[in-house]
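Asker: Next come the chains, spelled out residue by residue.
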Amino acid sequence: MKLRMRLTTLVAIALVASACTSTPSSSGSGGGTGGGTATKLTIAAVQGVEDAGLKALAPMYKQQKGVDIQIVEAPYDDLYSKLVNAFKANDATYDLIMMDDPWMPKFGTDGSLSDLGALGIAPDPDIAQVVWDVGTWPPPRGPVPPSEKSKPKQLLGATIVGNVEMFMYRNDLTPTAPASYDDVLTNAKAQNKPGTVAGYIIRGKATNPVVADFLPILWSQGGDVFDENWNVVFDNDASKAAVNFLINDLKAVAQTDPGSTDASDRDKIMANGQGYQTSVWPGEINAAVLDPSITKVAGKVTFIPIPKGKSGKGVGMMGNWLLGVPKASKNQQAAADFIKWMLQKDTQLTYAQNNGIPSRTSVLKDASLTTANPYFPVLADALQAPPNWRPRTDQWNAVETIIGTHLNKALTGGETADQAAMGAAAEIRTLMKGAGYPTQ
Amino acid sequence: MNAAPARPLAFAARIRTAWTQQSRQERLVYKLLLPVFGTVFVLATIPFVLAVVQAVTSDRGEFIGFENFGRALGNPLLYEAIKQTGLYAAIALPIEILGGLGIALLVHRTVSSNVVRAAIYIAAMIPIVIPQIAVGVVFRLVYAADSGILNVLLGQTGPNQPLWLSSPPLAMIATASVDIWQWTPFVYLVMFAGLQTVPSESVEAAQVDGATAWMQFRHIELPYLRPLLLLVLFFRIADVIRVFDHVYVLTGGGPGNTTQFLSLYIYRIGFKFSDLGQASALAVVVMVAMILFYTVVSRYLPADRG
Amino acid sequence: MIHRSRRLTKVATSALLALVGFIFAFPLFYLVATSLKTKADLFAPVPSLFPPAPTIDSYTSVLFTRGFGGLLFNSIVVGLSATALSICVAFAICYPITRLPASPRLRAFVLNWALSLRFLPPVAVVIPYFAIVRTIGLYNQLPALILVYTIFNLPLAIWMLRGFLDEIPREIEEAALVDGASRWHAFRTILLPLSRPGILAVAIIVFAFDWAEFLFAFILTATPQAMTFPVGVQGLVTQFAIIWNDMAAGGVIAILIPLSLMIIARRHVMSGLTFGVIRDK
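Chains as they are written, first to last, in the working numbering: chain A, 1 to 440; chain B, 441 to 746; chain C, 747 to 1027.
Calculated from the structure, these hints are not laboratory results. Yeah, the Cβ is synthetic: ideal placement off N, Cα and C, and Gly gets one too. Check each hint, because a few of them may be wrong.
[As the list claims (entries may be wrong)] When the alpha-carbon atoms are kept at most 30 angstroms apart in a straight line, the in silico DSS-like pairs for lysine-lysine are as follows:
(1) LYS523/B x LYS433/A
(2) LYS296/A x LYS785/C
(3) LYS433/A x LYS65/A
(4) LYS785/C x LYS55/A
(5) LYS300/A x LYS785/C
(6) LYS153/A x LYS106/A
(7) LYS330/A x LYS88/A
[What the hints assert, rightly or not] Which stretches of chain B does chain A cover? Using the computed rule of at least three CB atoms under 8 angstroms from a CB of chain A, they are:
(8) 494-503
(9) 524-533
(10) 603-615
[As the list claims (entries may be wrong)] Here are some chain B residues pointing at chain A (derived, C-beta under 8 angstroms):
(11) GLY510
(12) GLY514
(13) GLY595
(14) THR637
(15) PRO639
(16) PHE674
(17) PHE675
(18) ARG676
(19) THR691
(20) ARG739
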């Protein structure tokens, strides 16, 4: 009897509690349907260093404008599936969403986001043109998916993390920066001491990680995934040479286990002084490589744009994080106002002081910020270059998965570099044809 | 003339007779069962029906027949995923079940202290309640090259250290080992509890007759445990097709697609390829295959006993 | 001679058990050790087995700085409610098929159907569930999770509960009915008290499974007001930052609550785990 009493009480408490906690949530996403009258904005954000600055700004916005900012974080892959779901269901929970730039074609094609231009956000010359271009759909340059050709161009996302993949090397081991990927390999061979220092660190974990590491190499060496007409060129000579360069040349002078190395592992190797050079995202620099509480290489790392390859250019890769307003949000104008406020110069300065990665040229070049963020000027230049973006197609996630699986397989000895290039190319062709592209 | 309308009436009358012929108690079965079971049945079946609908319609809602099934079954990667899942199950399940059973027998026969038994029991519960992601991360910290604690403890830190997460056979073993770590204790708990219910008189009688430990197991305990073993085996097989989080964290499906098991494959088709039609078709195929499998196995399960 | 060989076997089995126990305990130990490490320890080139300077910062970070206390509360509410609902539903389904003369065919149908629920790969049905939950307006609300968990753990609940009810002789109840008690009265005063250990055992196992669920908790919620603890823990695995100490602390916290429940009720859980399939019949 006593037991039953206890059980009954527990159940009663649980049910009452569940009723209590769920009642307010029904009005949680509300806050008024009118334009700027919202008292609360909910932002879906990626968990990690990319949203650190955003979180720092939230209380300021409350103070200045009286609007609560609720930031809901999810890890990279989970955020994507969550957004796909939310858009499919036309859900109004999120007023703003953070998205990685390769996701935008999917959301643009599906028509999930509002036109920021219509909400009063206009390109600002202090922010590199490529930053506005990457938020525009359909894409202003490069191949346009066949289904999107007739759509009017709209600004669907505003960059809040100006991410361009760069390159870093140990300036205490070699005095001069590698000018080309030939130099990268030569230096790697000279510096590689198995078990002590890796000549080059490959981020080679399956799917997204290895692709993010490889695309700048592919482009710089003159290869590509698609040409201007969506034909797959991942198995042409230049692309094959680039795959061979990664799988055969760089792997020979890389760390012990490139096949399971992700960004955090690479940062750890670099911060401990066990690696000589590698590519790097801005977000990794202050959170890991140069974090004073852990780094053993303070002052010994130089950040440069991606070295030149056989194409004669060094092509960085964009990985901008953008803020967009879901069409389903009931606080359209208020959401856009927040973006405008975030992009103002004084907000961007505060943002940069709080581990945010700004996109304004004048902020990136601000001398007061350079000591804490030695890579800012390089980033500003990289944005002006301009860097490449990943092919603008809603099929990109699938393409990336295919390439990433094959590269990982080759890195771990499951197939040769040529097999990886040709196998991936064949699968991508099937995929793109199935999706209605004029791919050959 | 009157035959046509009379026929349904006769039918209804027959039903009524059948109904009244049943005892009041039998009718009570239906009266009690129907409301709750009916509701749950509908609630649980709707998602499956929606999955079927999604599998036979396009994004725009047109009926497209079995196109998605054709694409799902025509993809060679599916068979690769099935093969790898099978291999994973072939490594993990026998060890889990034999290991769980073996340890249960050992503890049952050699450990008499209730305190020790209780401690083992409580410890065995832990792996069920840890968030999957935490399991994955801890094992990544164990297995990683260079920074993993396992290779450090083995004294293998040089360039030739075993690459637990990126050499194909080792990656399979590493992912399966997590499954074994997590679910052998569950099998143990079930088996140990089952052993407690074997009537002690039969065991004592056998011992008086001079039966060896093996004979005692083979002829007395095993018959008691057999239905339980099948039930556990069945639950574990159903769970292997759900394996996801720890593999995702450990290897991301790599090296290549060595550890891209069925659930990772469906995730890849559904979310990475945004092909929900094909993913639903896959889900329907998996479910139907499992039901067929179950129909065969269930003959040996005690479902309709009583 | 016999004595010696017996002692030898005993030593050998104890050694074997100790070895198995050690292998089993190691990852748990490393989870706890990691939760007590600092960021600098995590970045050390050679990982240490024991935290060089143990700190509970990760625990305060998880519970307070990151505000996971609220998620923990949600998890408890969802776990208890879903468990209670599972038990009620399972009881309502098991009562007629075990206590009344249900035809074997009906019985087999109900039990087989329940088990077949376990075959749906969750990755694939999560989208249909999402659509339903949105349609009935329960998205991002705890009742949605309670409902879904109830359905997902029904196979376990029904199968185990049926085992317990099968073992309570029908005659006891029938004696009361003959004495003129109503079926409801007999249920309340006889069957319910007798099946108490069974109910508790099922409840705890179901609670454990509810507790660790991630996928549905993630897809069916949008903000921390409905998210559960595993969703929060999952969020600690980021692309660039290494916060494995916080993650490990989350893992340890997630263990402690169900574990204490199980310690309280271990005897009942034990009898529950036989699934009732092997009693002498």
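Asker: If you test the structure against every hint from before, which numbers come out violated?
Answerer: 3, 8, 9, 11, 12, 13, 14, 15, 16, 17, 18 and 20
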